[in-house]
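S.K.: If you read the sequences in order, they're chains A, B, C and D.
The first sequence begins at 277 in this note's numbering and counts up by one.
The second sequence begins at 277 in this note's numbering and counts up by one.
The third sequence begins at 277 in this note's numbering and counts up by one.
The fourth sequence begins at 277 in this note's numbering and counts up by one.
If you are wondering where the hints come from, they were derived from the structure by calculation, not from laboratory data.
Treat the hints with care, as some may be off.
[What the hints assert, rightly or not] Pair ranges (Cβ atoms, derived):
{"id": "1", "chain 1": "D", "residue 1": "Leu500", "chain 2": "C", "residue 2": "Thr313", "range": "32 to 42 Å"}
{"id": "2", "chain 1": "C", "residue 1": "Arg416", "chain 2": "D", "residue 2": "Thr573", "range": "27 to 37 Å"}
{"id": "3", "chain 1": "A", "residue 1": "Thr402", "chain 2": "B", "residue 2": "Asn333", "range": "47 to 57 Å"}
{"id": "4", "chain 1": "D", "residue 1": "Trp359", "chain 2": "A", "residue 2": "Ile299", "range": "50 to 60 Å"}
{"id": "5", "chain 1": "D", "residue 1": "Glu460", "chain 2": "B", "residue 2": "His495", "range": "43 to 53 Å"}
{"id": "6", "chain 1": "C", "residue 1": "Gln409", "chain 2": "A", "residue 2": "Thr437", "range": "26 to 36 Å"}
{"id": "7", "chain 1": "A", "residue 1": "Ile353", "chain 2": "D", "residue 2": "Trp359", "range": "45 to 55 Å"}
{"id": "8", "chain 1": "A", "residue 1": "Lys405", "chain 2": "B", "residue 2": "Met379", "range": "38 to 48 Å"}
{"id": "9", "chain 1": "A", "residue 1": "Asn406", "chain 2": "C", "residue 2": "Lys455", "range": "28 to 38 Å"}
By construction, the Cβ of each residue, glycine as well, lies at the ideal position given by its N, Cα and C atoms.
Letter by letter, the chains look like this.
There are 4 protein chains.
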Amino acid sequence: MIDFQHILNTIVEEISSEPDKGIVATYIPELAKVDCTKFGISLLDNNAKLYSSGEANEMFSIQSISKVLSLSMAFRILGNDLWNRVGVEPSGDPFNHLSLLEMENGIPRNPLINAGAIVIADILVTQLKNPKQEFLEYIRKIANDNSINYDESVAKSEKETGFRNYAAAYLIKSFGNLKNDVEEVLDFYFHQCSLRMSCEQLVTIFYIFSNRGECLQNHRYLDLNQVKRINAIMLTSGFYDEAGEFAFEVGLPGKSGVGGGIVALLPNKFCVATWSPGLNKKGNSKLGMLALEKLTTTTALSIF
Amino acid sequence: MIDFQHILNTIVEEISSEPDKGIVATYIPELAKVDCTKFGISLLDNNAKLYSSGEANEMFSIQSISKVLSLSMAFRILGNDLWNRVGVEPSGDPFNHLSLLEMENGIPRNPLINAGAIVIADILVTQLKNPKQEFLEYIRKIANDNSINYDESVAKSEKETGFRNYAAAYLIKSFGNLKNDVEEVLDFYFHQCSLRMSCEQLVTIFYIFSNRGECLQNHRYLDLNQVKRINAIMLTSGFYDEAGEFAFEVGLPGKSGVGGGIVALLPNKFCVATWSPGLNKKGNSKLGMLALEKLTTTTALSIF
Amino acid sequence: MIDFQHILNTIVEEISSEPDKGIVATYIPELAKVDCTKFGISLLDNNAKLYSSGEANEMFSIQSISKVLSLSMAFRILGNDLWNRVGVEPSGDPFNHLSLLEMENGIPRNPLINAGAIVIADILVTQLKNPKQEFLEYIRKIANDNSINYDESVAKSEKETGFRNYAAAYLIKSFGNLKNDVEEVLDFYFHQCSLRMSCEQLVTIFYIFSNRGECLQNHRYLDLNQVKRINAIMLTSGFYDEAGEFAFEVGLPGKSGVGGGIVALLPNKFCVATWSPGLNKKGNSKLGMLALEKLTTTTALSIF
Amino acid sequence: MIDFQHILNTIVEEISSEPDKGIVATYIPELAKVDCTKFGISLLDNNAKLYSSGEANEMFSIQSISKVLSLSMAFRILGNDLWNRVGVEPSGDPFNHLSLLEMENGIPRNPLINAGAIVIADILVTQLKNPKQEFLEYIRKIANDNSINYDESVAKSEKETGFRNYAAAYLIKSFGNLKNDVEEVLDFYFHQCSLRMSCEQLVTIFYIFSNRGECLQNHRYLDLNQVKRINAIMLTSGFYDEAGEFAFEVGLPGKSGVGGGIVALLPNKFCVATWSPGLNKKGNSKLGMLALEKLTTTTALSIF
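Could you build all of it, start to finish, from the sequences and the hints given here?
M.R.: Structural data, given as structure tokens:
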């Protein structure tokens, strides 16, 4: 049997001596303040056993990782009708390019690029009475943890500087694929991205994707087909234009955020989250990628 | 235990009553002659047990499926130096677009799009003394079957009409990423694509990718890391701009060809091949996709 | 000597029997209400003689024609520093594509595409105390006509539906090439485009471009080099992706608007304006293009 | 009256002290050998008076300037049917990009970009019995000069290194817009580009474009409409992605070549040619652009 605790401890130790820890994202001013030497990792196996090492309880801004969660909520509500509004193919482009959107008439390539997540946000704004509140409750319920919350200062910081997201939203709206007011949709979107969590909280939530749709309290959130689709999308599109690289180096479906978090999972086996705010050139956590590669190499566990 | 023989038989039966069998590719004149009602399927599990149903012994042109095989041979020879010449990211574009190639200075996005496979062909032409002969011997040896051969009339047909492949090759050469004469490289490439095999032969060969690099004769062709990378590339890039769709619907790494073949695999479990020459709009075998979806849905076996 | 009055009358007569009068633009709802059988033409020669025929005094929304006027005002103020903010090359793309903007880091190709005109609007918002008022006064003074005004209902209509302009503005802002608030810049831009004029008023104003920078009251607005540059930009970029076609068919620098107006000029000879709200597929007035072609063919006057 | 001889002499003198003479093109090896301090200029006015200064009789490779000549020959033969094969709009892209070609189904934007000139070459190969010989005779006849010839070593040099032109030709062929064998078409194209002439010979030939279609021997080659269209295309598309800049700085229709030649003309007034092999970043002769700007500024003669 695999001794996950020992493996995580070893990874944390090895990581601490890594000279190049990447560079903290500066385009969201509020995120630029974080200390890039920090590193935490948590793993929750499918026997519901939690292993942690390093700063696994420190809260950070989950940013784009939240796109998987909003997707799961919209998918529950709309079912496969969702795919009329957003595609399922990798974008083959950095995360913020509008060109494809223009060529493809306002249908974003997939729900994990910004444009796609904005369409998902629009769907939730349409479907929910109090979108921000209900989305937060959805997350809290999966986590069984009412302390999880938005970070208003990060949401405000993004709102004041997120011009490219405004550009994407208006472009989608010009094609008729955004039904609500842009300000309202982006207010939801920026809040969603500002969610603060620790690695331990993240694995507790993403457990539903490694556990066939059920959370630790055995409540079912997604059916098997929905989990399969979301995992497939994470694998092909979860890491901006480094998805192929991650698929090889790590070999797990996952999602990263510019706040330095990464979450990944092996279906029916475990869910893992890392946090380290220094990013590589493609916008993914440098030490997080390294740690996950060590994990799957050491354990020889991957989907491939 | 899963009764694969029964499942394959059921699939063949269900498939036979499918009204829409897709459309045979016409852009390679020699391929346009095939009867689109044909269907075959073979599965080789990791106990080396072979199951077949339908026309699993009929030979067809494997076309783009051969890209995985040439990649594996080049990867054996060059190791990771290979990735200086070709990327590992999904292209996010139909299989024949040159625009990306131009923007990215002649480095194809991945080895499974035409441009990437042409670079791989160039590598083999450089590395091998008698490229066509040695590549054929490599395939025959993995398959333990000396009857496998090129189809000269198909190779000739492609040579006379494959203008877009010439365009890609010359564009790559203009960036210095093609070292040999274009005619020589494409002669190899068109031959490689013209390989004729049956579903049974295909699974015997692709068994190395589901069996951690070893063939049925227990000869090792690739190490674990190489197999993992090739499987990852198949998953993210094996189905043109339908890779995301295939990842969800089927949930296996695989590769299709315009000749109507598809091969897919579940690491450590099985390798499967289908053949039906009618294609869907994205250029993948219509009945083959359907059959594989039935297979993974029925068995609940997939990587996700 | 050329009898312009006779020529204009003949053109109006011929135009009236033209079966295909194009289609009125509908994307700005307020513009969709106009009657597409209307046609007017005015010509002001460099002896200050005015000739008109048809509905040359009917007011219409000048829309993109205003881009030349805002450009002239910004050029007066900033001089050649202007060209650090916007290019002078034809865009080679339809008038509303954002892709180029993205590839070229937020520097629009030229000041006559929407993105470029928005940057010009931003410059005027920075440079002027009361931008809308001062721009209107600038136009009124050139025209020597205080009746010229904005059409608030058209400006409002564009504001409510001009999502693509919002997308362009935010994209430019994300690259740092828009200094003011997007709402404020677009409020100016939508007002500028809503200016209402007749053909007679238009030629009175554009006379400065055929008369080496001086208006009918002999006041100098631009120096010779500035006029030359603006005329050159009108020729290469004044007709969206039909600039080349217009250069050949008509052979004059000019600018069209989706309101159905076109203004064109032969340096040192005359300035001409047409109005007919039906547009061709490229967004230029169908009858206006035809009328101007007749004019330059009949008179054998063009820059080529 | 303008003293052209004095003006040309002054320009040559001023040019000689210019410190930055640009950089000689190296991508055609045979062209890289030329001395970049050389400069020549010739002007032929519409009274058939020839003025020259500097090295106006030195022969150089006219390269892309030849595209206007092959266009004129094809236009004579096919008339307006020509425009079914090639467009008339500026490309908005550097001279060698294939992306547009791909998006627009193999119809090049205009006949002065490489792709367009290759289609023109294909037309001539179809229409002429001995294309290279007949094209040469056409040029010699316009020039009334049988000494004009191809430079076989330059043609050969381009053939061996012009991979991007091969890529363009094959891409066009894949769309069915190239009727002959690629090798044959490019053999013609590379020869056409290798034509060697002096500035004096160039103005003698391009005189037909400033003289309404007639050469110095009063033979008519093109009708007025054809001349107008070709001049319009030169203005909008004659200088790669510097067409707008040239239209402003110089204000004349014209065409440049990587051999360092530029030819330009003012309809009904004069035709002018310069030669200096050092190029600016956009691929146009640095001193040539400067000289022509001086010419039109000093004389205040331009189309604008």
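S.K.: Looking back at the hints listed earlier, which ones does the structure fail to meet?
M.R.: Violated: none.
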